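> Take a look at the letters that make up each chain.
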Amino acid sequence: MRPDMKVDLAGTELHNPVMPASGTFGYGQEYKDYFDLSILGALVTKSVTWEPRYGNPLPRIAECSQGMMNSIGLQNPGIEHYLEEDLPMLREIYYGPVISNISGSSPEEYGRLARAIDGQEQVVALEVNISCPNVKDGGAAFGADPEISRRITEEVKKNTSLPVFMKLTPNVTDIASIARACEEGGADGISLINNFKALKIDLKARKPVTAMKYAGLSGPAIKPIALRMVNEAFHAVDIPVIGIGGISNADDVLEMIMAGATAVQVGSANLVDPWTCPDIIKELPKRMEELGIESLDEIRGVI
Amino acid sequence: MRNTKSTILENVEIAPGIYSMMIETEGSRFSHPGQFAMVQVPEKFLRRPISVCRFDGDRYTLVYRVVGDGTRIMSRMESGDELDVLTGLGNGYDVGVLPQDVYIIGGGIGIPPMLGLVRALTMEGKSCKVILGYNSEKEIFLLDQFRDLCDDVTVMTADGSSGKKGFVTDAFDVADVACACGPLAMLKALDPKVKDGFFSLEARMGCGFGACMGCSVKTVDGSRRVCKEGPVFRKDELLWDQLV
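Each protein sequence line maps, in turn, to chains A and B.
All you need for our numbering is the position in the first sequence, starting with 1, plus 41.
Going by our numbering, 164 is the number at position 173 of the second sequence; the sequence numbering is gapless.
Keep in mind the hints are simulated off the structure, nothing from the lab.
Given the structure is predicted, the values throughout are model-derived calculations rather than measurements.
Hints may be right or wrong, so weigh each one.
To be verified - Straight line, CA to CA, 20 angstroms or less: simulated PhoX-like cross-link-like pairs of lysine-lysine:
id: 1; chain 1: A; residue 1: K241; chain 2: B; residue 2: K155
id: 2; chain 1: B; residue 1: K117; chain 2: B; residue 2: K155
id: 3; chain 1: B; residue 1: K184; chain 2: B; residue 2: K129
id: 4; chain 1: B; residue 1: K120; chain 2: B; residue 2: K155
id: 5; chain 1: A; residue 1: K177; chain 2: A; residue 2: K73
id: 6; chain 1: A; residue 1: K323; chain 2: B; residue 2: K(-4)
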């Protein structure tokens, strides 16, 4: 029998647990020439803010051992453009579930964004970014404080009928307390982890490599820490966890699910190889069969 | 369709620290001179963006300078080695919109893509005035290939060891239309001497195909990705004070 890849993500059935992580997949257009997007379990769109944002100065990208650093700074066209251009264009090339990722500089802005997206066709959930390491106002500072995390969760929940996933930063001492605060605020799930705040130095120039001193570290380098934090969060709350951090193949997905993830997001790996998600989706049932796994439910959170 | 599996046909040093790598990629997507490839270098995470010098069917040549670990590893690869390359990235030069006479200006490692452009213009029956800027005689590369395609090639060297002494900007008074690729300082210096034209930018990139926003620059038309809307921009689109 073919292994069962289906997952129930806070009421939405996904035909597989693999989705691209916000910020590594734009609004889908850049990947349409590489593969049929409908193979994805779901698609998470790039963080949208109320106003358009240009983002940080260049260079925004650096290479590191087994990973990369970015300091994009939430560049995006703003909510109006997102609703009038980006989502409609995405619907022309992708027919599956969409998760809209939103980012604000105050609890009130998160609420307004949630309200604006409510009722949008194909959008099955909101992912609330309280973890961007590359912005001055809010971002990871929100996600490092349990009280603010809970307040933003409540504000978003008040303004939407959609399930709400809070996307958490790993730059905290106790991820379990943040996860619990989001659950208390009414979150339907949590997504973790976002990037680690990091630094790379150009020895000749005696300066940081990126224009912003600190940038977010991602890629395979962070996977073991991501697994540990997903596992801690999984044991701290009763709501589903989306596992993110350094996933680039089917085995990484299975590890993440054993650590407690209901579904997973693939981030930096998409940027290196645009076929990463379809490759994983093809490979996953083969690996499940080889490992004697009949369904993902069977292995979820066994650790 | 995945079409990145590539084989190195040749990888030779053509000047100190400058290598020419001929590659074959089944289903290669190059269509315009000035486009680039993203090369997956063994042991490195991100791909390296390198402009295409010449292309013909599935075969193409990347001429690159060794500037860091990634390009150093590339330089040690040998013919027959396999490589993973994303091809046909960026807009490239639209030969159709260029006039009958056009200045083609390249400086340093910005020279290679201009060879493909001169080739395409020559095939269209258009004539080029080529100006190439090098640091010194021993660093000259690709010059014979330019001379094979074009009779009007001026060489400028910073130290005067070959051609005329000076920078590419010293080689002409004013150009109605010019296409240029080279260091940002060179492009900035060219700007007031060129009435109209297309300049190719370089940037540190994450993905190379428009997804990560790692290479966005501000232009008069708003934010543009060097990898997707570029790397070739109409000169008047560029905001020089925004480029670093």
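> Against this structure, judge whether each hint is valid.
Hints and how they fare:
Among the hinted pairs, K241 (chain A) with K155 (chain B) is inconsistent with the structure: their alpha-carbon atoms are about 41 angstroms apart, more than 20 angstroms. At roughly 26 angstroms between alpha-carbon atoms, K117 (chain B) and K155 (chain B) are farther apart than 20 angstroms, so this suggested pair is violated. Proposed proximity of K184 (chain B) and K129 (chain B) is contradicted: the alpha carbons are some 28 angstroms apart, above 20 angstroms. A distance of roughly 15 angstroms separates the Cα atoms of K120 (chain B) and K155 (chain B); the hinted pair therefore holds under the 20 angstroms criterion.
For the hint pairing K177 (chain A) with K73 (chain A), the CA-to-CA distance comes to about 33 angstroms; that exceeds 20 angstroms, so the pair is violated. Between the alpha carbons of K323 (chain A) and K(-4) (chain B) the distance comes to roughly 19 angstroms, so the proposed pair stays at or under 20 angstroms and holds.
In this structure, the hints that do not hold are numbers 1, 2, 3, 5, in rising order.
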